[in-house]
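One-letter residues, chain by chain:
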Amino acid sequence: MLHFLWKRRRSKLNRMDGFQKLLTLLLSVLAVFMLLPIVYIFNHAFKPYHELFVYPPTFFVREPSFQNVNELLAVTSRSTVPMIRYLFNSVFVSTLAVILVTGISALCAYPLSKHRFPGAGFVFAAILLTLMFAPEVVQIPRYLVVSELGIMNTYFAHLLPLIAMPIGVFLLKQFMDQIPDSLLEAARIDGASEFTVFLRIAVPVCMPAIATVAILAFQNAWGNVETSSLFMFDEEMKTFSFFLSTLTSNLANNVAMQGAAAAAALIMFVPNLVVFVILQGKVIATMAHSGIK
Amino acid sequence: MSNKLGSGGIAVRGQSKLGVQETDIPAAELGRERVRARSRVTALLKEIWRYRLSYLFISPFLLCFIAFIVIPVVAAVALSFTYFNAIERPRFIGWQNFQYLISQDLLFLKYALPNTFKFAIIVGPGGYIAAFLLAWLISQLPGKLQKWFSLAMYTPSLTIGIAMSIVWLPLLTGDRIGYLNSILLRLGWIEVPQLWVTDPAYLMNAMIGVTLWSSMGVGFLAMLAGILNVNKDYYEAARIDGMKSRLQEIWYITIPSMKPQMLFGAVMAIVTTFKTGAIGVELSGVNPTPAYSGHLIINHIDDFGFIRFEMGYAAAISVFLLILMYVSNKLSWGLFGSKGDE
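Those protein sequences? They're chains U and W, same order as listed.
Okay, so the first sequence: first residue is 137 according to our numbering, each after it adds one.
Okay, so the second sequence: first residue is 86 according to our numbering, each after it adds one.
Treat the hints with care, since some could be wrong.
[What the hints assert, rightly or not] Here are the simulated PhoX-like cross-link-like pairs (lysine-lysine), alpha carbons at most 20 Å apart as the crow flies: (1) Lys232/W to Lys157/U; (2) Lys317/W to Lys344/W; (3) Lys157/U to Lys229/W; (4) Lys344/W to Lys415/W.
These aren't lab readings, by the way, just hints derived from the structure by calculation.
Build out the structure end to end from the sequences listed, making use of the hints.
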């Protein structure tokens, strides 16, 4: 209580407080606008049919029902592969992708940023250049590479193309550039091996960036449709996102299934949100506690 | 010099001497050159060996990178000089694809190119500046609020992909059931429902709006992290030195201290801007978009690559797009790239 009062008095003394209050108000209005479509999809997913097409349209659901979800499940039960298999593939691939992408990207970014080895500039320039290339065109040659490697229809074909995520290396390298060399040098003088320096100094300092890369890798893997549609023949090897995308593309012109589509979108969206919320806490916390001086 | 111009005898002797030297020196030079070259090669090899650990570190990524990005990209560039219909073998046709693209492809010149420029200029720099301003504003708040606001701004970018069209279509539907129409009708701003996503006059604006809505993505997060990472002592020191306004702080402290994140944000803005072409098709539900009003370069690539199966030509368009992206990136590199080690 006393602490609270003291805080209030201090904040009264702080002349930035008014600015912060105004800012909070403005940003709140903006945040509501940003989130409206998201709130809407939550509501839409649970609307029964008679609420979906009422005029004037209602924003919030009045009688929430699982009608749409049931409809989605009904479609799934008609397909040959049980939904749980798609879901398993997605979770398995996404989890492995996050671990591999963060580890391998950090391993690659560290020497690019801190070692002046011959070819470093060239490698980084190549990564940067490909960062800007539209993936649409690369699909056909990519298909040829995967089939040449003989990893068609295996989990490797799901994972390996995802590991080549130039954004991850780029982001980590940009962050590592801010670590002072003297910090690493000090550890080396103390007799730490290069791998220890990497693991004990570079990685903890770069935790925010690593969390960001993890978020990216998850989104990439979770929403990925390309590997399933191009590199997998068997339905059992395909992922949930692919299954949902075939479902929603069939629904695109079918107004009656709008609710089921909303439910499908929700299933795609929620894990993304959950992962982000979990890791975002880490981002902000690490930012607050690990100032590099 | 003057000796050579003197008596003939001396000159001849000098010349013969020179002649001997001429055959002599290059041989010696060549030998020395060879030794130097060899030592340079061995030095390089030694250097490479010294850094063997660095190569070991980067190898897992590099192998995947080469297999799934470098080789396919090089193959795409090679395809851009061919006629390739995905059935027959690619046939080399030189610069023909590019010549056709910049001189005769009316759809490209009349719609795809101007549309892309309009879209890119508003969404690219506009979205980028908005992302920076938002990140900065959020950074001015206490820690807990920071978390919630950045979550609110970032969430829309999570819908990228199939979810985006599902989110926006019911909101922008052309009949009075569409939410935007319903609200505007009730407010009396419009008389009849507007076809937000199928009328060529509105489609581009809808595309820009939806893209801006979902543009607070990775670049925004990186910039927020960068702003929060700026050493607080700098602001203290500047305040003591008499810096008054926050604008001065942004210009002289925040931006220079977070150049790496600014650059990353810029690259992300450029890439996502040029990549998000599917949105027009998703919103209007038809490909190509009504009266080509939302036709972007990326749609043009899809059109030729996956509808007409002219892979060679599609590759040529994408090479053009790559060059466009490269130029834009060079520009931002010049603005935010750290020149050498600072």
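Is the straight-line distance between the alpha-carbon of Lys344/W and that of Lys415/W 20 Å or less? holds (15 Å)
Could you grab the alpha-carbon distance between Lys157/U and Lys229/W and see if it respects the 20 Å cut-off? With a Cα-Cα distance of about 14 Å, the restraint between Lys157/U and Lys229/W holds, given a limit of 20 Å.
Measure nothing beyond the straight line between the CA atoms of Lys232/W and Lys157/U; if it is 20 Å or shorter, mark the hint as holding. Roughly 16 Å separates the two Cα atoms, so the pair holds.
Are the Cα atoms of Lys317/W and Lys344/W separated by 20 Å or less? holds (16 Å)
Going down the numbered hints, you'll see the structure goes against none, and every one checks out.
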